[in-house]
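The lines below spell out each chain.
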Amino acid sequence: MTTEPDIVLSVRDLTVDFAQRQGSFRAVDSVSFDLRAGRTLGIVGESGSGKSVTARALMQLVDPPGRITGGSIRLGEIDIAQLPRRGEAIRAIRGADISMIFQEPMSSLSPVHTIGAQVMEVLELHLKLDRKAARARTIELLGQVEIPNPEQAIDRYAYEFSGGMRQRAMIAMALACNPRVLIADEPTTALDVTTQAEVLDLIGRIQRERGMAMILITHDMGVVAETVDDVAVMYRGQVVEAGPVDQIFHGATHPYTQRLLAATLKLEQPAERPLPVAGAGPILTVRNLGKTYQLGIGAFGGKAKGTLRAVDDVSLELRAGETLGIVGESGSGKTTLGRLILRTVEPTDGEVVYSPPGAPAVKVRGLDKAGLRNLYSEIRFIFQDPFASLNPRMTVRQIVGEPLLINRRGSAAEINTRVTELLELVGLDAGMMARYPHAFSGGQRQRIGIARALALDPKVLIADEPTSALDVSIRSQILDLLIELRARLGLSFIFISHDIGVIRYFCDRVAVMRRGRVVEVGDAQTICTSPSHPYTQALISAVPYPDPRRPRMQQRARYTETTV
Amino acid sequence: MLLYILKRLAYMIPTLFGMSLVSFLIIQLPPGDFLTSLTSAIADSGQSLDQASIDRLTALYGLDQPFYVQYWNWISNIILRGDFGWSFDWGQPVSRLLWDRMGVTIFVSALSLVLIWALAIPIGIYSAVRRYSIGDYVFTFLGFVGLAVPTFILALGLMYISFTWFGLNVGGLFSPEYEQAPWSLAKFIDLLQHLWIPVVVIAISSTAALIRVMRANLSDELSKPYVVTARAKGLSEFTLIMRYPVRLALNPFVSTIGWVLPSLISGVTITAIVLNLPMAGPLLLRALVSQDMYLAGAFILIMSVLTLVGMLISDILLAVLDPRVRYQQ
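Residue numbers (our numbering), protein chains in the order written: chain A, 3 to 566; chain B, 10 to 338.
Honestly, the hints are just simulated from the structure, not real lab data.
Treat the hints loosely; a few may be bogus.
Between beta-carbon pairs, the in silico distance windows are [said to hold, decoys possible]:
hint, chain 1, residue 1, chain 2, residue 2, range
1, B, Pro23, A, Gln296, 23 to 33 Å
2, B, Tyr141, A, Gly50, 20 to 30 Å
3, B, Ala127, A, Arg133, 43 to 53 Å
4, B, Val318, A, Glu353, 31 to 41 Å
5, B, Ala225, A, Gly245, 45 to 55 Å
Predicted, not measured: the structure shown is a model, and the values here were computed from it.
Think of the CB as a built atom: it goes at the ideal place given N, C-alpha and C, for glycine as much as any other residue.
Construct all of the structure, not just a fragment, from the sequences and the given hints.
Here it is as structure tokens:
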């Protein structure tokens with residue numbers, strides 16, 4: 003019989019209310035769980051489920067008007083739920099007994115203080131170390147989180163670090179006082195998959211070494227399966243199901259958990275969809291396309307300090323009726339490539355040819371303004387952020403009708419009819435036309451964006467991370483909608499994403515980009531299961547797999563320059 | 010950093026040249042010159058100036074020469090000999106008038122600036138941290154009153170109050186008996202009695218404006234994730250607010266120094282006239298009206314220099330405060 007490790011933190015019936023103009027909103031509703039030394043509890047849920055508020059409540063960090071209104075949080079003899087929010091007692095616990103890692107390492111670190119100063123502060127505060135001792139300890143900590151050259155890194159600023167390095171600095175800060183509980187709130191959501199894998203490895207190793215209890219908050223079932231021991235699934239403020247990770251993944255009883263898992267697993271294989279017509283000709287051809295940025299030109303001109311080759315000699319072919327995925331990590335040039343094709347960013351060299359069926363081919367780089375405008379009604383963008391890409395002061399009718407209005411397609415009444423048609427096409431109720439974007443959820447907004455893109459009957463859609471801002475269950479709905487539209491309207495897609503799952507689900511062929519170059523192009527299924535280029539292998543193997551019995555990340559392939 | 014400052018100083022030379030040229034040109038733009046306004050003034054008083062003396066004066070002042078010669082004479086005298094020329098209107102060297110007035114102006118302005126910051130920064134911080142509290146509403150209300158009341162009304166009001174209630178004569182900077190007296194403790198006390206009104210009047214509207222700026226800046230910063238990080242470390246609320254968001258909220262503040270300097274000199278003209286202060290504003294106004302070109306030119310030039318120096322100071326301070334600015338250089 004194995005003995006359970008000690009309980010470090012015990013949460014019972016935790017309730018958090020946000021006071022509103024009328025009544026209050028219950029963000030966390032009677033949540034209970036225990037944290038044990040050396041074990042990790044994963045709290046999963048979609049946006050608005052209350053998982054982040056729960057985590058913050060454990061440190062009395064919920065901002066007003068939010069307030070803990072019930073339950074207890076026992077850390078040893080102390081009940082944190084009873085401590086005043088700004089009191090000395092809770093401050094002695096924050097950063098010392100319980101510490102936290104946040105989602106956005108850039109904005110969670112002060113931009114005007116050195117990394118070292120921000121770590122040293124905790125040591126001086128809680129361990130009462132003097133400046134010299136704190137500095138020495140900080141260098142040691144930075145070394146432990148595998149930041150290269152800690153002696154120099156200590157005097158650097160957050161913006162001089164890459165995303166992964168920043169998150170390591172955050173981890174060093176959280177670990178400074180050897181806390182008993184570490185709360186990681188979406189610690190890797192803002193990172194690339196390969197960086198994510200490294201950071202999760204690091205957190206896991208440090209946690210095991212120190213025997214800390216840990217909470218990992220995430221929306222990513224893959225991350226949960228790969229890293230945690232126990233899972234609590236949150237939905238609308240409540241824990242709907244909790245248990246060991248294996249039980250949750252293989253014996254989920256609550257319908258919400260089952261739905262969540264189904265939506266995740268659905269994205270682990272290609273969608274059922276009509277295959278593109280074999281032997282179809284290319285509709286869009288990209289030849290040797292490149293973009294060079296001059297770096298460091300000041301206001302007074304002068305010589306460039308160097309050049310950045312954002313996109314380098316890319317040649318691709320989009321066949322009529324197919325979906326071509328472009329996958330890569332941040333900085334790989336995938337977004338720039340999308341913009342170069344439509345010349346919203348002017349290419350430095352290369353050529354793009356648009357050859358619509360039954361019409362003469364067009365060389366995009368030779369087009370004048372009027373020509374480009376015509377092209378823009380044939381090839382259209384779908385944007386990543388459904389919140390930022392819709393004007394909040396325009397009604398849905400105006401947003402969707404705008405391309406029609408600009409291109410003078412019909413009278414007001416005709417535009418109205420067309421908008422109704424488009425909204426129904428993307429699965430929205432046409433009665434919502436008069437409302438403003440804020441009245442819609444993220445998924446609905448993305449549908450509005452798609453309706454706008456379809457307004458002019460385009461032949462090609464370029465979608466730049468259209469689902470990355472959405473929850474997993476909404477994500478597959480949007481992808482299914484795009485698949486259906488592709489078949490009904492005979493569209494061709496260029497689909498830019500960092501998410502391998504989405505690419506595999508949706509794309510016929512994939513181009514893998516790295517540092518501006520295409521390293522591999524091929525059939526989506528082949529690329530996702532047995533890639534041939536070592537970089538693609540590393541990328542694919544770093545993607546967390548949502549099955550605790552088949553972890554993938556731990557055996558991942560690593561890619562360094564020398565393996566080229 | 011040193012290289013950066015030197016580079017900035019080097020850039021200032023052509024800018025100054027351009028500014029001096031433009032200001033000299035603008036002064037010359039209105040039709041006529043000083044002699045035209047002089048003859049009309051003399052004609053107004055019933056006398057007349059014969060053509061011979063006009064010609065003599067024209068030649069004496071070099072007013073018949075082409076624009077570039079006049080400009081060259083003016084600027085070369087300033088640079089080579091520190092001679093700002095002769096004020097036609099006052100019959101004195103410009104430099105004497107200038108330094109007299111500039112001394113007082115800078116003294117009063119600097120004092121006001123200190124008062125502005127001493128009031129605006131803490132109140133702004135309070136208002137941002139305790140947003141929508143009673144205190145915030147009170148300061149907001151007072152701030153808007155301060156913004157809305159014209160400075161000259163405020164000046165007149167304060168003068169009226171201190172004269173009728175306290176029997177103090179508060180016009181000017183000194184009581185008549187101390188005007189020409191050498192410096193003494195009594196004169197200094199007299200100065201302080203007079204000084205508070207212009208300082209308060211000049212400070213009040215800028216303070217109100219800066220409170221709003223500080224409140225808005227800090228409110229933005231307070232909701233940033235790094236504040237939560239600092240709180241999660243266990244820092245006390247006061248320490249963390251001072252160390253993180255306030256520090257970042259000061260950046261826009263610092264960048265305003267560049268235009269605060271010249272505006273303190275030219276912006277308080279009305280107040281200075283109402284309060285009969287021997288400051289630069291009224292003198293500049295009069296010089297412009299009477300086309301006393303060398304005096305006006307000198308003032309404008311000095312103000313240009315102050316603007317550039319102010320910009321340089323704020324840029325250097327910004328670079329000291331914010332490493333991101335340094336990084337881009």
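For each hint, the structure was consulted:
1. Pro23/B - Gln296/A: 23 to 33 Å: 25 Å, holds
2. Tyr141/B - Gly50/A: 20 to 30 Å: 26 Å, holds
3. Ala127/B - Arg133/A: 43 to 53 Å: Cβ of alanine 127/B to Cβ of arginine 133/A: about 31 Å, so the range 43 to 53 Å is violated.
4. Val318/B - Glu353/A: 31 to 41 Å: 53 Å, violated
5. Ala225/B - Gly245/A: 45 to 55 Å: With a Cβ separation near 49 Å, alanine 225/B and glycine 245/A satisfy 45 to 55 Å, so the hint holds.
In terms of the numbered hints stated before, the structure departs from hints 3, 4, listed from lowest to highest.
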